[in-house]
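Protein chains in written order, with the numbering used here: chain A, 10 to 122; chain B, 383 to 602.
Because the hints were derived from the structure by calculation, they are not lab data.
Where hints are given, some of them may not hold.
Stated by the list, open to error - Cβ-Cβ distance ranges computed for the label pairs, FRET-style: (1) B:Ser449 to A:Arg54: 41 to 47 Å; (2) B:Thr580 to A:Phe55: 31 to 37 Å; (3) A:Lys74 to B:Pro420: 40 to 46 Å; (4) B:Ile456 to A:Ser100: 46 to 52 Å; (5) B:Pro420 to A:Cys85: 36 to 42 Å; (6) B:Pro523 to A:Arg83: 28 to 34 Å; (7) A:Gly86 to B:Pro420: 37 to 43 Å; (8) B:Leu515 to A:Gly63: 22 to 28 Å; (9) B:Ser569 to A:Lys90: 41 to 47 Å.
Quick caveat, the model's predicted, so the values are computed rather than measured.
The beta carbon of each residue, even a glycine, is placed where N, CA and C say it ideally should be.
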Amino acid sequence: MHELSITKSMLDLVLDQAQKNGAEKVQGINLVIGEMSGVVDDCVRFYFDFLSKGTIAEGAHISVKIVPAQARCRKCGKQFKLNGLDWLCPSCGTTQINIVEGKELYLESIEVP
Amino acid sequence: MKIKILKDILSANDQRAKENRELLDRNDILAINFTASPGAGKTSLILETINRLKADIKIGVVEGDVSSTLDAEIVAKEGVPVVQINTGGTCHLDATMVASAFDNLPLEEIELLLIENVGNLICPAAFALGEDLNVLISSVPEGDDKPHKYPVMFSKAHLVVLNKIDLLPYVLFDLPAFTEAVKGLNSRVEIFEVSCKTGQGIERWISWLSSRLNKRPSTS
Chain A
10 MHELSITKSM
20 LDLVLDQAQK
30 NGAEKVQGIN
40 LVIGEMSGVV
50 DDCVRFYFDF
60 LSKGTIAEGA
70 HISVKIVPAQ
80 ARCRKCGKQF
90 KLNGLDWLCP
100 SCGTTQINIV
110 EGKELYLESI
120 EVP
Chain B
383 MKIKILKDIL
393 SANDQRAKEN
403 RELLDRNDIL
413 AINFTASPGA
423 GKTSLILETI
433 NRLKADIKIG
443 VVEGDVSSTL
453 DAEIVAKEGV
463 PVVQINTGGT
473 CHLDATMVAS
483 AFDNLPLEEI
493 ELLLIENVGN
503 LICPAAFALG
513 EDLNVLISSV
523 PEGDDKPHKY
533 PVMFSKAHLV
543 VLNKIDLLPY
553 VLFDLPAFTE
563 AVKGLNSRVE
573 IFEVSCKTGQ
583 GIERWISWLS
593 SRLNKRPSTS
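So that you can see chain A by itself, here it is in the shape it has in the complex (with noise of 0.2 Å):
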């Protein structure tokens, strides 16, 4: 349910810097999201289509980058892809980890005419 409120950050935030930019149009977007920030990207799609109609970002085709969650070990600093329910460090099997990607939740770039 928080996609509502972060897809209308997302567009609040594109129609921001399209304007800044003198874009009268903007024909795609291409967000970064991190496996562990809990957004689903279908769902941003589906609330994008209804919440942009009658923007200059109507249409607009969104591309998605999904960042996959990695761990580092804080004993051995072996970084490692979290996997499901399995923490454990592949190198020195402990739980001390911190998780060093896959929260990312950003606007990387838009595409205007």
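Using the hints, position chain B against chain A.
Frame of chain A, contents of chain B only:
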């Protein structure tokens, strides 16, 4: 033509949260954001806190719920100022909602602001409110796997309160596994085992909170 932006989608909320924080700082208020699953004991811990501290500290409360004023009514009986935010379907509080609650609270009279977020362990993690501290309440009947299922929330908590500890003998809950998972994700966080029903462990929570209150600029 591609225009690089590289801006956080929630930057507008983050900016409003920063403004909330500045307003709280100007009024010398310590603000706590309580997050938890529904039914973990957010309102119970807030009521315990009010009961133990209201004689010494001026407390204000913001209650966030999708609907109803039940929590605000219970808190209001304690004689502290409270504002209920109904999010109308939204699964979290955001900085703008909290800012609107400030308009209805006597901020100049408040020293400790307790903000009860909507019961949800996913969405509130993304929305800063301007709080000083995030307190995550987990509870024994929910099971010990919650840190694995909601890692972002656990990794940003300043304190984890494990409520309903009195139910430990009756429920499958591996306390060492829970502790290891939480500490694995968040090495600095402390875990307080409490029961809002029996009062067990509440004293430790109150002294932790009191020490944070004493660190505010006006008192240090």
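Inset, instruction - Report the numbers of all earlier hints that the structure fails to satisfy, in ascending order. - result: The structure breaks hints 1, 2, 3, 8, 9; every other hint is satisfied.
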